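S.K.: Below are the chains, spelled out letter by letter.
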Amino acid sequence: MNTLIFRTMAPYLTALMVLFSVFVLLRGHNMPGGGFIGGLIAASAFAIQGIAGGVAAVRRALWFHPMAISAAGLFFAGFAGLMSIPFEVPFMTALWVFPKFFGTEVALSTPLLFDIGVYLVVTGSITSIALALEEREDL
Amino acid sequence: MTMDVTAMTFLMLVLPFVAALVAPPLTRALAQNAAWPLALAPAAIFIYFARYIPAVSNGDVIQGGFAWVPQFDVTYSWIIDGLSLTFLLLISGIGTLIVIYSGGYLKGHPQQGRFLSFLLMFMGAMLGIVVSDSFLMLFIYWELTSITSFLLIGFDHKREASRRAALQALVVTGGGGLFLLAGLLLIWHVTGISSLSALLASGDMMRESPYYLAALILVLGGAFTKSAQFPFHFWLPNAMEAPTPVSAFLHSATMVKAGVFLIMRLNPVFGDTGVWETVLPVFGGLTLLIGTFIGLRQTDLKLTLAYTTVASLGLLVMMTGFGAEGAVEAAVLYLIAHSLFKGSLFMVAGGVDHEAGTRDVTRLSGLGKFMPITFAAAMLAALSMGGLPPFVGFLAKEEIYYALAHGDTWDIVFTVVAIAGNAMMFALAFGVALRPFIGEPCVVPGPHHAHSSEHEEDTAAGSDHGDKSHTVHEAPLMLWLGPVVLAVAGVLAGIFSGTFHTLFSSPMSSAIVGAPVTLEISAIPHISLPFLLSIITVAIGIVMYLAADRLRTLADNTLTAIGWGPDKGFDQFMRGVVRLSHRVTLTLQPGKLEIYVTLSFVFVAAILLVPMTVYGEWPDMPAWPSMMFHEVMIFAIAIIGLFAVALAKGRLTAIVSLGIQGFAVAVIFMLYGAPDLSFTQFMVETLSVVILALVMTRLNLQPTDHRPAVHRIMDASIGAACGLGFGAMLLKSTQVPFNTMLTEFFNAYSKVIAHGHNVVNVIIVDFRATDTLGEIAVVVVTGLAILALIRIRVPSAKPPLKDNPAEAAPETQ
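Listed in order, the protein sequences are those of chains A and B.
Under this note's numbering, the residue at position 24 of the first sequence is numbered 24, and the numbers go up by one with no gaps.
Under this note's numbering, the residue at position 480 of the second sequence is numbered 619, and the numbers go up by one with no gaps.
Be careful, since some hints might not be right.
[To be verified] Quick list of the computed label-pair ranges, beta carbon to beta carbon:
id	chain 1	residue 1	chain 2	residue 2	range
1	B	Q210	A	L95	53 to 59 Å
2	B	F205	A	F102	55 to 61 Å
3	A	F20	B	L881	28 to 34 Å
Calculated from the structure, these hints are not laboratory results.
Being a predicted model, the structure only gives us computed values, none of them experimental.
Idealized CB from N, CA, C, for every residue including glycine.
Given these sequences and hints, build the entire structure.
M.R.: Written out as structure tokens, the structure reads:
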């Protein structure tokens, strides 16, 4: 697996995949995609990079422990539900705002935050498992 | 106003638990003096409930509470009548004294805060039992006393004897609690009643039910274990491993009376039948005789008292179930008297142990000179226990003989039993309360802070090894206050018997009988048959006291000759249980992952196929569709992938073949209009292959498959059966009329309400977001678990891939 081609291509592939995963995450509300599938793509990206360039490099690049990313995702998702408290609506009620940035209307909502949470949970969990499994290969 | 009363009563019932929370920090701050402020909690409860005395003695029953789970008719509700009020006052009153006593007894013990905390928790649980109206609440508090008792007996958890005693008490009383639960559920089922107050008003409903006997046995199973009736008596003496305040409070004055309480509470509903009036006296009488007889053998002050407690509980059960006129009243009087004198005597024994350093009656003598207050309290309590006027114990004994002494054989047998038991108890009472205090001063090990506490604060006395006998001195205030107050209460109740009856014993007896009862017996001796029997009892008791040493040898020899006892039986039983569970675990959990996986899939296949076969619900053969060439090819790839998996020589080949098959399925999803699903399937398949390959290298599996052909064919058939089952189920579900309600709802509102075109995603993050939240929480937890598994040396990991989007509706766009 440690071919020169693979090692050279892997960083670009990973970068592209991570970018694509964010794209998939954000378009998910209206077209195929979403947090879950986005998270799977991101996790695959990190797994590829781990195989090609070593787990230690991926861990450094990620900065946070993958499980911490996962936990943060769960926190965001739960927090998105609790946002309903000040508005006195039931738990998990979707709340939307449509602010204008530079003349473009941007839809922000608690489901978006929730989906980001799902994305982070899936990314974090799968990445941490994949990296932990790859780590042993290095030994 | 009523709301206030409800809230206040609830507060009082919760107060011990609050006090239990603050006990440890308070003890850290104030050391043993924390007992004084902590004792305010039970004292407040005592005062609060004492205000109910006038109303209750008028025959009022105070009820209150909250709805808990209204759907199941479960409430948090209480009933305060004569029976529960007397118990409430005994528990909180004695509790106050015990908390203070614990302050002195465990002075300087590093875990004193924890001890007080457990003790207060127990008190809360015990108060809960006696006021409970709803069955569920009764059961919860009942088990809570078992658990707190376990914690208290095992308080000195570094000694094996403590641990064994604690476990034994938990197994016996907790197991009995399960009997009680079954009994209560049966009563609930038979009568449809889930509260004691309603049950008490149900008249003959229970007695006429065909399930009467079963319910009775189950309930008595709970009561007999808790109240240490023969043959479950063995845990109580062993529970003496607990520090003395626990023995005084739980194992004599309160907890062990919970069983008697339950019997008394249910007397109007269960009583007055042949079974009731046979079972209770027989078991009670046996317990009385066995308890006192084994008690004769003991030399340890606490153990002697423990066996007399067993005997007393037997006497209480016997009287409650005897059914004769005055029997219940006798039980009531004896219960109150026993709580007062036995609590007092235990505290005396603890005080002696604390100051003299030993509880061995053969090594103690002449302490009266050094501990006059303790001696006085002991004598007052012993005179009450011996049943001499004008103590409350005398009232109880008179009433017992009044109820028992009638003409027929049955009555005469039990009169003899009562005389024998009471005489032996008389001897034992003075063995504890008189013997250590009279005679020549003896040499004793000197004061210590009982049990495991090695924190000698009193270093002057501790270091004085030379002349130990002079180190015995009067117990401190904290240690003599409790016994003195209880002993004096016993005298006052006897002297002012009229007031005592009006306030306590008459309302309590009325509650047990279920009809108004008035007690009149007073402490003034008058010539009658009961009085004569009392005199005979005392006479025999004195003879036995004088012959105590010879009786001890006799009891010792007899019991040694018998050899086996329930205590030994308990050990054998526990060993058997452990061995059985070991064997069962070995059979059911061989530890081979392969077997687990195989069995799981066999059952999956069975769940799918068996009902369809049994109920003949196989799907109809669908019409064969005309397929495009590329569709045929995709299906062919999927099927080829399947065969490749089954036939693969190497594991890696198998994993990759599985991936091929999965990709083919993903393409099928794509072709038939589920892009989200297909998208996810692609990713899941890719990751599965990668992670499976990683796991394989990680586990150092052989690259080749080692299974023999037969094994392979079997595995393949199991897989095929699962697939067939799922296929048939899906086919069947598409053949029933399709309910489009949800589809229409989501399609209609996805954009309007949730601002999203992708219905699947809108369902996941908006309509059913709470479900998703639960699922991603599972993902996180699974991730953590797998990480932990990978890190340990014998790893076994599998990918936690979840088919989250697949759960949503299949149709998109």
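S.K.: Run every hint past the structure and note whether it holds.
M.R.: Okay, the hints, checked on the actual structure:
1. B:Q210 / A:L95: 53 to 59 Å: violated (32 Å)
2. B:F205 / A:F102: 55 to 61 Å: For F205 (chain B) and F102 (chain A) the Cβ distance comes to about 58 Å; the hint holds.
3. A:F20 / B:L881: 28 to 34 Å: holds (32 Å)
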